[in-house]
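Participant: Letter by letter, the chains look like this.
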Amino acid sequence: MGYPHPSHAGEHPVLSKHFGDAGARTFDGWVKRGGYEGLKKALGMTRDQVVEEVKASGLRGRGGAGFPTGMKWSFMPKEVVKPHYLVCNADESEPGTFKDREIIRWTPHQLIEGCAIGAHAIGAERIYIYIRGEFTPEHKILLAAVDEAYKGGALGANVFGSGRRIDVVVHRGAGAYICGEETAMMNSIEGKRGNPRIKPPFPAVAGLWACPTTINNVETLAAAGHILRQGGAWYKGLCKGNPKSTGTKLFSVCGHVQRPGNYEVVMGTSMKELIYDMCGGMRPGRTLKAVIPGGSSVPIMTPAEVEDCLLDYEGVVAKGSMLGSGGMIVMDDSTDLVYQVMRLARFYAHESCAQCTQCREGTAWTTRILEKILAGKGRREDLDLLLDLADNMTGKTICVLSDSCAAPVVSAIKKFPAEFDAYISREKQPVMVTA
Amino acid sequence: MSTAHAAGESHQPVFVGPTRAKLEALFPNYPTKQSVLLPALWLVQEARGWISEGAIHEVAEVLGLTPAYVKGVVTFYTMYHTHPVGRHFIQVCTTSPCNICGAEEVTKAFLRHTGCGELGATSPDGRFTVIEVECLGACGFATPVLIDDDFVEGVTPERVAGILQGYK
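From first to last, the protein sequence lines are chains A and B. Read left to right, the first sequence gives residues 1 to 435 (my numbering). Read left to right, the second sequence gives residues 1 to 168 (my numbering).
Watch out, some of these pointers could steer you wrong.
Claimed, not checked - Heads up, simulated BS3-like pairs for lysine-lysine below, C-alpha to C-alpha not over 25 angstroms straight-line:
| id | chain 1 | residue 1 | chain 2 | residue 2 |
| --- | --- | --- | --- | --- |
| 1 | A | K140 | B | K168 |
| 2 | A | K82 | B | K33 |
| 3 | A | K140 | B | K108 |
No wet-lab data here; the hints were simulated from the structure.
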């Protein structure tokens, strides 16, 4: 549902069905709402059968990459020689994204159930849920829910009498966007600085403490319970666009819409319907200027690109951007795009782990050049310099933080040149005194 | 005693009594002692409000790590305080989604009403420290503000004075 707003007819609430309903938060409340049936069903199946069911559903990673979940699970070794681990990525920090927070806040057992199913599917006995440090209320809610799940038999040495052992450890982050990157997250759990690791080896081969590990996003795991309960075929049938994008997806819509919030729609729903019908469109007297559709790390879209864009992995790529995490930042004509792109660059400069030169230097210089333009000291050549920098920041580093900084900058310069020209030609008053 | 000497300051050990018990309870959760570092640092900050040089030495000794290593980790994560802060620590989200909804005005209102003057400084009465924070992950509820462990949503400049009354 469109929490904090009532559900819209265009939505298809599965994961968000109980958002806003505090009764769904407890173990008993979750069971009453059909919860833990998916886990019980999974425990009666073999590892392979669970993986096949999820493969059949077409579920793809909801953290941003969109990798097929069943296939990811199938990469884990068949024989358990060293311990296997499941890591749940609850380090939601991508600007514009606030869906996982709602899943944990309202339905922590939905997540625990999905985690236990994932652990069973990959032969893991232990799950680490990595929750970002700033989510203080959600951390407490999750700890209480884990406690209840042990008491209710959904976790522990003998899950629902199956003989299967599944434990959950909640690991709290301490303020570092980069720890949402899966290899940085593993380092952080190991008690290290959150520096991403070079791949290969991939986590399924050598992850946490060099043991086979799978990392899944909160929303991905939450979907697993429903897929097991209602079947992969049911989930696959939820599709309005490209058949490679199935199921429902939570979209966090923020910025200049009348009703910001989380909206759950079937993959392939029109972006325009989401922004204008469900979210109520722009504020009175305002028009749409731009949308960043997948969290701040993806290219900016123009109103023309939004016009007939379908909300699925392929649909957004066809319009020159990416679905990412589904965190949509909507900006109306009051927005100073140059200033906002500078704020994003500053974000990435602040969050760079500083391992790779291209990222450490590139994010900092991008910020400084944008600040200089905003201070009324920009030159035409600065735009070429920014594009050249962005080129050196793309595809050349251990992780994609640096690429993520480049994407909004490049797309803003290419799609909204007049915004930059206004500062460079001194038509527009400088907005910064620094630089 | 060795920890206090090494740090060159007087340091009252953190990991005694109930805090020691909390630490011990963490060890079974991880296959290595090193992995307990982040949760151990949280325990220090809960007990003392910040992480001093003395505490860094104590954590290092307890977990079998070097103080330099521990310091490297402490300084990587922005939520660990390496110096004392006000009784109430206020973090205002000013990343783009909140920024376009007026977050910088909210920050200014906090600076004005707390008497902090500037970001990162503590008010003269020791009551508040205000910082800007990057994305708090509640963009649909602009502007979110984290005050100690309280997550306050939809903060506007007009609400600031009233909110602060709850923090003495």
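Participant: Given the hinted pair K140/A and K168/B, is their alpha-carbon gap at most 25 angstroms?
Facilitator: Holds, at about 24 angstroms.
Participant: Going straight from one Cα to the other, do K140/A and K108/B come out at no more than 25 angstroms?
Facilitator: Violated, because 30 angstroms separates the two Cα atoms, which is more than 25 angstroms.
Participant: Against the 25 angstroms threshold, does the CA-CA distance of K82/A and K33/B hold or violate the hint?
Facilitator: holds, 19 angstroms
Hint check: a violation occurs at hint 3 only; the rest are consistent with the structure.
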